[in-house]
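Chemist: Please model the complete structure; the sequences and the hints are all you need to start from.
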Amino acid sequence: MKGKVPRTVDEFMAWAWAMEVEAVERYEELAEQMLTHHNAEVATLFARLARIEGKHRDQIAQQMGWTRPPDTGSFHWRTPEGPETTDYGDLHYLMQPYHALKLAEHNEERAAQFFEHFAAAKLPADVRAAAAAMAAEEREHVRLIREWLAKYPEPEPGWDEDPDPPAVAD
Amino acid sequence: MTGMLTHADFKSDIKPVWCPGCGDFGVVNALTKALAKMELRPENVAVVSGIGCSSRIPAYTSCYGFHGVHGRALAAGTGLKVARPDLTVIVTGGDGDGYSIGGNHFLHACRRNVDLTYIVMDNRVYGMTKGQPSPTTEPDWDSKLSPEGTGLREFHPMMMALTAGANFIARAFTGDPNGLADVIVQAVRHPGFSFVEVLSPCVTFRPEQRDWKKLVKHDALKPATDIARAARRMLRDTGFDLGVLYAGDRRPYEPRGRREQRAVAALEARFTP
Chain A
9 MKGKVPRTVD
19 EFMAWAWAME
29 VEAVERYEEL
39 AEQMLTHHNA
49 EVATLFARLA
59 RIEGKHRDQI
69 AQQMGWTRPP
79 DTGSFHWRTP
89 EGPETTDYGD
99 LHYLMQPYHA
109 LKLAEHNEER
119 AAQFFEHFAA
129 AKLPADVRAA
139 AAAMAAEERE
149 HVRLIREWLA
159 KYPEPEPGWD
169 EDPDPPAVAD
Chain B
-8 MTGMLTHADF
2 KSDIKPVWCP
12 GCGDFGVVNA
22 LTKALAKMEL
32 RPENVAVVSG
42 IGCSSRIPAY
52 TSCYGFHGVH
62 GRALAAGTGL
72 KVARPDLTVI
82 VTGGDGDGYS
92 IGGNHFLHAC
102 RRNVDLTYIV
112 MDNRVYGMTK
122 GQPSPTTEPD
132 WDSKLSPEGT
142 GLREFHPMMM
152 ALTAGANFIA
162 RAFTGDPNGL
172 ADVIVQAVRH
182 PGFSFVEVLS
192 PCVTFRPEQR
202 DWKKLVKHDA
212 LKPATDIARA
222 ARRMLRDTGF
232 DLGVLYAGDR
242 RPYEPRGRRE
252 QRAVAALEAR
262 FTP
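Residue numbers (the numbering used here), protein chains in the order written: chain A, 9 to 178; chain B, -8 to 264.
Be aware that one or more of the hints could be misleading.
To be verified - No farther apart than 30 Å at their CA atoms in a straight line, the calculated lysine-lysine pairs in the DSS-like style are these:
#	chain 1	residue 1	chain 2	residue 2
1	A	12	B	208
2	B	6	A	110
3	B	6	B	121
Unchecked claim - Some chain A residues well away from chain B (every beta-carbon gap over 10 Å; in silico):
#	residue
4	16
5	22
6	65
Don't read these hints as lab results, they were simulated from the structure.
C-beta atoms are modelled at their ideal positions from N, C-alpha and C, and glycine is treated no differently.
Modeler: Next comes the structure, spelled out in C-alpha cells:
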C-alpha cells in the first residue's frame, strides 16, 4: 500500500482480504479467457485456483467476524496490483497447466513476502502476529502449489508454436 | 440498480474474445473500476467506439454503448455529448482506428474541446486485420506484412493532442490497471477533451511487447498547466513515461442552450405523443 502502514489488526486484515478478493476475481477472469479459447484444461485449473483463494477470502472474513465487506476503496498497492494477482500479460492461449501453476507459485511467493514484510516491520505486536500467521499460511500455499506442480513436467520448447497461426504470410 | 455500485456492476455478461495476454483486458478492468470510484451509474454513461480489437469494449460494459464506424468514434461521441451533455461520454479505440482513418477527427476533437474522454489502446499494430503496421508502428518493425519495416516516422499522439488543443493529456499502461483507473478518473473529471494514451500490448502480433512492463516508468510525467513546458517535456519522452502530461484550463465547448440542443429538443418533440 502506498504511504500507509496498518496500525490495527482490523486494518491489516482488510488488506489481506482485499488481496484475496482481487486474486479470486482475476483467476475467474483467466478461467473465462481460457474457456473462450478452448483451453479447457487450463480453464479448469484457474477456476480451481479461484475457488481455493475464495475459501481463503471467506476464512479471513469469518475469522474477523465481519458481517459486511470491509471498506477497501482507498487502498493502493505499492506494486501495480495486489501481490497475489496474476498479470493479464502473462497469459498465452496455448499455455499448459504447468505454466498456470508457475504463475500461481509466483503469486503465493509474493503474498508470503508481502506478509513477512509486515511481520518484521515496526508495528504493534498484534499486527505483526497477524502478519506472521498470514505469512505462514501463504508459505504453506507455496509448498502445496509446488507439490501440485510436480505432477506436470515442464513443457518442451516450442509448446507455444501454433500449426495454424493467426498471422498471415501471403 | 440501486445503492453503491462496484466495478463488477459495470461489466456486462458478454465475455471478451481478445487473445489471452492482451492488454485490453486491463482497460476493461480499469474503466469499470474508475466508473465505480466516481459513483456513476451505467445508465448515465455512454461508451462509444470505432472498429478494431479494442473497439469491442462497449459490449463488455453495462453502460450505454455504440460500436460505430471505423475511425468515426470521436465524431459519434462528440455528437452524443453535444446532444446529451448530462451523459458521461467515454470514447474508446485503438491506434489504427484513432490515428489513421480517424486521425482528422482526433485533431478536431482536441480543437473543439467537448467535455468527453478519449481512451486509445495503443499496441502499434492493426491486430484485428492480422498485423499490419499502424501510424504508431516503429519504422524498422520487420514483419511478414512489412518486410524490413515501413521506414515511416511514427505518429506522436500526445504531441499532436497537445498542439491541437486537448485539455488533459496522459499516458498509462494496461499492466497497471489500478493506476490506469486513477488516470481515467482524473481524465473524466477534468473539463473539456481528455486524451488518455494507453500502452496496451498485442501479444499475438507484437509478442516483444510483453517486455513493456520492464520499460514503463511510473509517475515519470508530472502534470503541467503550461503548454510550452509540456511540449518541452515531450521532447525528452521515451514513449514509456507514464503519468499526466498536461492539465489545461481551456474552457470546454458548452452546448447547453445552443442551436444543436434546440434541434434535438425539436426532434424529440416530434416523437412525443
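Chemist: All hints, please: hold or fail.
Modeler: Hints and how they fare:
Restraint check: the Cα-Cα separation between residue 12 of chain A and residue 208 of chain B comes to about 22 Å, which is no more than 30 Å; the hinted pair holds. With a CA separation close to 25 Å, the supplied pair residue 6 of chain B and residue 110 of chain A stays within the 30 Å bound. The hinted pair formed by residue 6 of chain B and residue 121 of chain B meets the criterion: a straight-line CA distance of about 21 Å does not exceed 30 Å. The claim that residue 16 of chain A lies off the interface holds: its Cβ sits roughly 23 Å from the closest Cβ of chain B, which is beyond the 10 Å cut-off.
Every C-beta of chain B lies more than 10 Å from that of residue 22 of chain A, the closest at about 16 Å, which supports listing it as non-interface. No beta-carbon of chain B is positioned within 10 Å of the beta-carbon of residue 65 of chain A; the least distance is around 15 Å.
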